Amino acid sequence: MSAPKGLRFQTVCFAIEGLNSVALTLYFPYLYFFMQARFGFHDQANLALAALLGFIYIFAAWQAGQFAQRHGYFTALKLGLGLMMAALAVGSQLRSAPGQILAACVVNVGQCFTWPTLEALASDAETPLRLPRVIGIYNIVWAVTAAVAFFFGGTLVELSFKNIFLVPLALQAVQLALTFWLQRHATELARAAVHQPPAAPAPPDPNRPSSEKARAFLRMAWLANPFAYIAINTLIAVLPGIAARFHLTPMLAGFACSLWCFARLGAFVALWLWTDWHYRFRWLIGAFVLLIASFAAILTASNLALLIAAQIFFGGAIGLIYYSSLFYSMDAGAARGEYGGIHEAAIGCGNCLGPAVGAASLQFFPQSTNSGVLAVGALLLCGLGGLLTIWKTAR
Numbered sequence: 524m525s526a527p528k529g530l531r532f533q534t535v536c537f538a539i540e541g542l543n544s545v546a547l548t549l550y551f552p553y554l555y556f557f558m559q560a561r562f563g564f565h566d567q568a569n570l571a572l573a574a575l576l577g578f579i580y581i582f583a584a585w586q587a588g589q590f591a592q593r594h595g596y597f598t599a600l601k602l603g604l605g606l607m608m609a610a611l612a613v614g615s616q617l618r619s620a621p622g623q624i625l626a627a628c629v630v631n632v633g634q635c636f637t638w639p640t641l642e643a644l645a646s647d648a649e650t651p652l653r654l655p656r657v658i659g660i661y662n663i664v665w666a667v668t669a670a671v672a673f674f675f676g677g678t679l680v681e682l683s684f685k686n687i688f689l690v691p692l693a694l695q696a697v698q699l700a701l702t703f704w705l706q707r708h709a710t711e712l713a714r715a716a717v718h719q720p721p722a723a724p725a726p727p728d729p730n731r732p733s734s735e736k737a738r739a740f741l742r743m744a745w746l747a748n749p750f751a752y753i754a755i756n757t758l759i760a761v762l763p764g765i766a767a768r769f770h771l772t773p774m775l776a777g778f779a780c781s782l783w784c785f786a787r788l789g790a791f792v793a794l795w796l797w798t799d800w801h802y803r804f805r806w807l808i809g810a811f812v813l814l815i816a817s818f819a820a821i822l823t824a825s826n827l828a829l830l831i832a833a834q835i836f837f838g839g840a841i842g843l844i845y846y847s848s849l850f851y852s853m854d855a856g857a858a859r860g861e862y863g864g865i866h867e868a869a870i871g872c873g874n875c876l877g878p879a880v881g882a883a884s885l886q887f888f889p890q891s892t893n894s895g896v897l898a899v900g901a902l903l904l905c906g907l908g909g910l911l912t913i914w915k916t917a918r
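Residues are numbered in my numbering as their position in the sequence shown, beginning at 1, plus a constant of 523.
Hints listed in this document are in silico derivations from the structure and should not be mistaken for laboratory results.
Any given hint could be a false lead.
Said to hold, decoys possible - With beta-carbon atoms standing in for the labels, derived distance ranges:
#1 A609 <-> A816: 26 to 32 Å
#2 S733 <-> C905: 24 to 30 Å
#3 A816 <-> R531: 43 to 49 Å
Since the model is a prediction, treat every value here as computed from it, not as a measurement.
The C-beta atom is built at its ideal place from N, Cα and C for all residues, glycine as well.
Input sequences plus hints: build the corresponding full structure.
Below is the structure:
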């Protein structure tokens, strides 16, 4: 389904994306603080919860992308927002750990209907020459809002844990209203387009790579992005433990441990303005090596200075890896809603594998405080080997 475009249409689309980013960043990372404070969850239990949510995300995102492609972007978006609103409203009243886990699973499924849809809405009907600009704006919008939400989320949590339910719920109600407006405006644009002469075809891009090379980079990006999220979700799940090690309150943890979000934002802006990294293997492999090194440094940091410095490199690395996955997915054309679902499902693989390996290592090697870091680090090295194998085969 191709969505008609207009300036107001895209502005509202990006507004929904930004609100969605704020809502989910306030909920999911600080849910682990909530589970620790209310139900005694520590690193192993939070990692297991993160792995469960990641496992569900794999299949839900894949199916949600196909649903959006077949039944329409606006139907998928309204369904996802409705599910999240219902789960957050119920979750704000629940007093049991199983109830909160079930509510989190429903929120998790709901968000799967929003991200592939928003990615497709932003990039559908764009020409290959305009697509990098649109993807850049899309990435910057969610990165800015996620960084700000992460930074101030700890402050909201210290005021009341209810805020991780009620604030996202209010933001999603606004998103739902904007979605109805967007759907009505899209219908008006589609009617007007019937009476317009067809646009001239876009001139071919002389720098565009061959289809074989483009497919190879798409495969590599789809492989690399889950490993980036292995690192991200392992980090987020053990954030309460890192905060305890440095005697940080949730508010201070939000301040000190959100720097990687701002570094990721900086990477998105740089990659948006400078596009020579497109289809350049050295940038992708360099980012992956930096990801491994910075991840290990963050989780084993002995002081706050090292923790903060490592986050700058971590954010830059995951910025390029994520940007590559989304750009190559949308640049492939074809069914962008479905490709967006595959991009998100790949993220779910990382969301599941990293925390699962970390939790298992803490279960079987509880005497080693760094067993989780070593296990996840070994998993990341496997991803590095996979990237090199795909590149060697493609060449």
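Item to check | Numbered hints the structure breaks, given as an ascending list | outcome: 1
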